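Chain A is already provided as a structure; the job is to place chain B on it using the hints.
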Amino acid sequence: MNALTKHATRTAVLVTGLRKAYGAKVVIDDVDLEIGEGEVFALLGPNGAGKTTIVRILSTLIPADAGTAMVMSYDLRGEAGAVRGVIGVTGQFSAVDDLLTGEENLDLMGRLLHLRATERRARTTELLERFDLVEAARQTPATYSGGMKRRLDLAMTLMGRPRLIFLDEPTTGLDPRSRQTMWQIIRELVREDVTILLTTQYLEEADHLADRIAVLDHGRIVAEGTPEELKRRIPGAHMRLRFADAASLAEAARALPEGTRDDEELVLRVPNEGGIRSLRDVLARLGDDVVVEDLSIHTPDLDDVFFAVTGNASREKS
Amino acid sequence: MSALTIAAQDCATMLAREIKHSLRLARLLMVSAILVPVVMLLLFDYILGGTIGRGLGAAARGAPYVDFLVPGIIMMAVAGGCGPTAINVTVDMTGGFIDRIRTMAVTRGALLAGHVGGNVLRTLVATAAVTGMALLVGFRPKASVADWFAVVGIVAAFSFALAWLSAAIGLIAKSVAGANGSTLPLAFLLPFLSSTLVPVDSMPAGVRWFAANQPFTAVVDSLRALLTGAPIGNSAYLAVAWCAAIALAGYLWSQAAFRRGTR
Numbered sequence: 001m002n003a004l005t006k007h008a009t010r011t012a013v014l015v016t017g018l019r020k021a022y023g024a025k026v027v028i029d030d031v032d033l034e035i036g037e038g039e040v041f042a043l044l045g046p047n048g049a050g051k052t053t054i055v056r057i058l059s060t061l062i063p064a065d066a067g068t069a070m071v072m073s074y075d076l077r078g079e080a081g082a083v084r085g086v087i088g089v090t091g092q093f094s095a096v097d098d099l100l101t102g103e104e105n106l107d108l109m110g111r112l113l114h115l116r117a118t119e120r121r122a123r124t125t126e127l128l129e130r131f132d133l134v135e136a137a138r139q140t141p142a143t144y145s146g147g148m149k150r151r152l153d154l155a156m157t158l159m160g161r162p163r164l165i166f167l168d169e170p171t172t173g174l175d176p177r178s179r180q181t182m183w184q185i186i187r188e189l190v191r192e193d194v195t196i197l198l199t200t201q202y203l204e205e206a207d208h209l210a211d212r213i214a215v216l217d218h219g220r221i222v223a224e225g226t227p228e229e230l231k232r233r234i235p236g237a238h239m240r241l242r243f244a245d246a247a248s249l250a251e252a253a254r255a256l257p258e259g260t261r262d263d264e265e266l267v268l269r270v271p272n273e274g275g276i277r278s279l280r281d282v283l284a285r286l287g288d289d290v291v292v293e294d295l296s297i298h299t300p301d302l303d304d305v306f307f308a309v310t311g312n313a314s315r316e317k318s
Numbered sequence: 001m002s003a004l005t006i007a008a009q010d011c012a013t014m015l016a017r018e019i020k021h022s023l024r025l026a027r028l029l030m031v032s033a034i035l036v037p038v039v040m041l042l043l044f045d046y047i048l049g050g051t052i053g054r055g056l057g058a059a060a061r062g063a064p065y066v067d068f069l070v071p072g073i074i075m076m077a078v079a080g081g082c083g084p085t086a087i088n089v090t091v092d093m094t095g096g097f098i099d100r101i102r103t104m105a106v107t108r109g110a111l112l113a114g115h116v117g118g119n120v121l122r123t124l125v126a127t128a129a130v131t132g133m134a135l136l137v138g139f140r141p142k143a144s145v146a147d148w149f150a151v152v153g154i155v156a157a158f159s160f161a162l163a164w165l166s167a168a169i170g171l172i173a174k175s176v177a178g179a180n181g182s183t184l185p186l187a188f189l190l191p192f193l194s195s196t197l198v199p200v201d202s203m204p205a206g207v208r209w210f211a212a213n214q215p216f217t218a219v220v221d222s223l224r225a226l227l228t229g230a231p232i233g234n235s236a237y238l239a240v241a242w243c244a245a246i247a248l249a250g251y252l253w254s255q256a257a258f259r260r261g262t263r
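For the record, the sequence lines run as chains A and B. Residue numbering for the first sequence follows my numbering, beginning at 1 and increasing consecutively. Residue numbering for the second sequence follows my numbering, beginning at 1 and increasing consecutively.
Next comes chain A alone, as it looks inside the complex (with noise of 0.2 Å):
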């Protein structure tokens, strides 16, 4: 048997019928997972679709209704003490101690986790070079950037060498190049055989880094796949051509056939694979005595995934 398929047999999260409730409001309805260990798993969702609910109940920061889960195969309801030992959160919102340098917040977790003074120096010293935050060490995260906040504090994290992570919305609020940094922090992560637990609100970040995706509904999956697989249930990309006159849009209509017609908004949607040659064959056939008021190129987001998933989409187009 060959490390490949071992991997593939062992479960680090097995959740069946999770439910949770405030009130009448139902959160989590009837979720099961199964996320291999070493595996990057996505939970996809916008805001209110419960991720963070999730997460926090794995995480053990609060209990389900209803449903079983074993968490690296330990028990999440009778064994969270030994699910605790195994685990790594890093929350929306950096947990770490502002009054204390970065060097002392690395410290005070290593002490925490019960590490010998020379380990605890020496994965200090490992995490700040690897995390960019030498020069920091010995300051209050009062003077850090938001990228280097959420890098202590995933750094803080990874102090006990967690085989299971939570990654809660890791790049929420960051500037591009932050959120850069972030996704190859994550992808080298994955190198060294940690299973990771991720959400996100950003197709694009799923489609990055994860192996498997759960896209979230309203406490509900209500597709799960890899991120091809998600992919080919989304209607692709395509040209958004906006005409002045109805006669222009039934000539355009004429010219493109396979496009799909919208004869209030005066609008003709073009299926293209997104490449410039498409774009060039597409105006071709137009011609030139076609009038174009408006061309707009339509990549697929979260919100065509929802709309191919749930037949409604997530949130109002704007």
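The hints are simulated quantities; they were obtained by calculation from the structure and are not laboratory data.
Computed list of lysine to aspartate or glutamate pairs in EDC-like fashion (alpha-carbon distance at most 20 Å, straight line):
#, chain 1, residue 1, chain 2, residue 2
1, B, Lys20, A, Asp107
2, B, Lys174, A, Asp98
3, B, Lys20, A, Glu104
4, A, Lys149, A, Glu126
5, A, Lys149, B, Asp99
6, B, Lys20, A, Asp98
7, B, Lys20, A, Glu103
It should be emphasised that the depicted structure is a prediction, and the values quoted were computed from it without experimental measurement.
Same frame as chain A, but now just chain B:
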């Protein structure tokens, strides 16, 4: 390592953290912990003390008002520690630090024990400073060495008790301002409605019963008896019993709130 060693180690780690926090915020804490009681001391001694002192009658036992006042001011310095502890706990709660700890295999209660321990240490420093100031303005204690030890013991026990209560208040507060506001009755209202500044006999009948039987009066009366040689009666036993009861209630309340977390 046994569970007990680990628990002790976790508490020590959290206490060290709280001490570090206090040192970083030393200037701010000095205002609330030392400056406020000292200002109260000077205000009541120099400005209001003349009239109050003349009205004390037998309660003054022939000594100036400052001797009656200082045990009360010491108790107010203890009560003044409630705000910072509640605020520190709320900051940990709202900042996500408590959630982080709750997902780790850290001894439950260690974090709050650190906050409570920090409160007791800060209070001992603050009350020592306030007592030093009191000696400068003419306070003349008649306490023996044993009495002083008993005073330190009551100060530590009362601050321990109020700190557990403050920790619980900090855990359920939604914001730092809310945490601070919720401790004001402990830090100001209850001291005024006790024998802190004047004997309870001088109060209106309705308030008098409450003032005579509430914990702050028992604590102040026992401190006053130990420091000035006033008759101690059963106030020391009462003070110790109140401390134990408040500590237990605060402990149970805060443990429940800690387990519940932020939800």
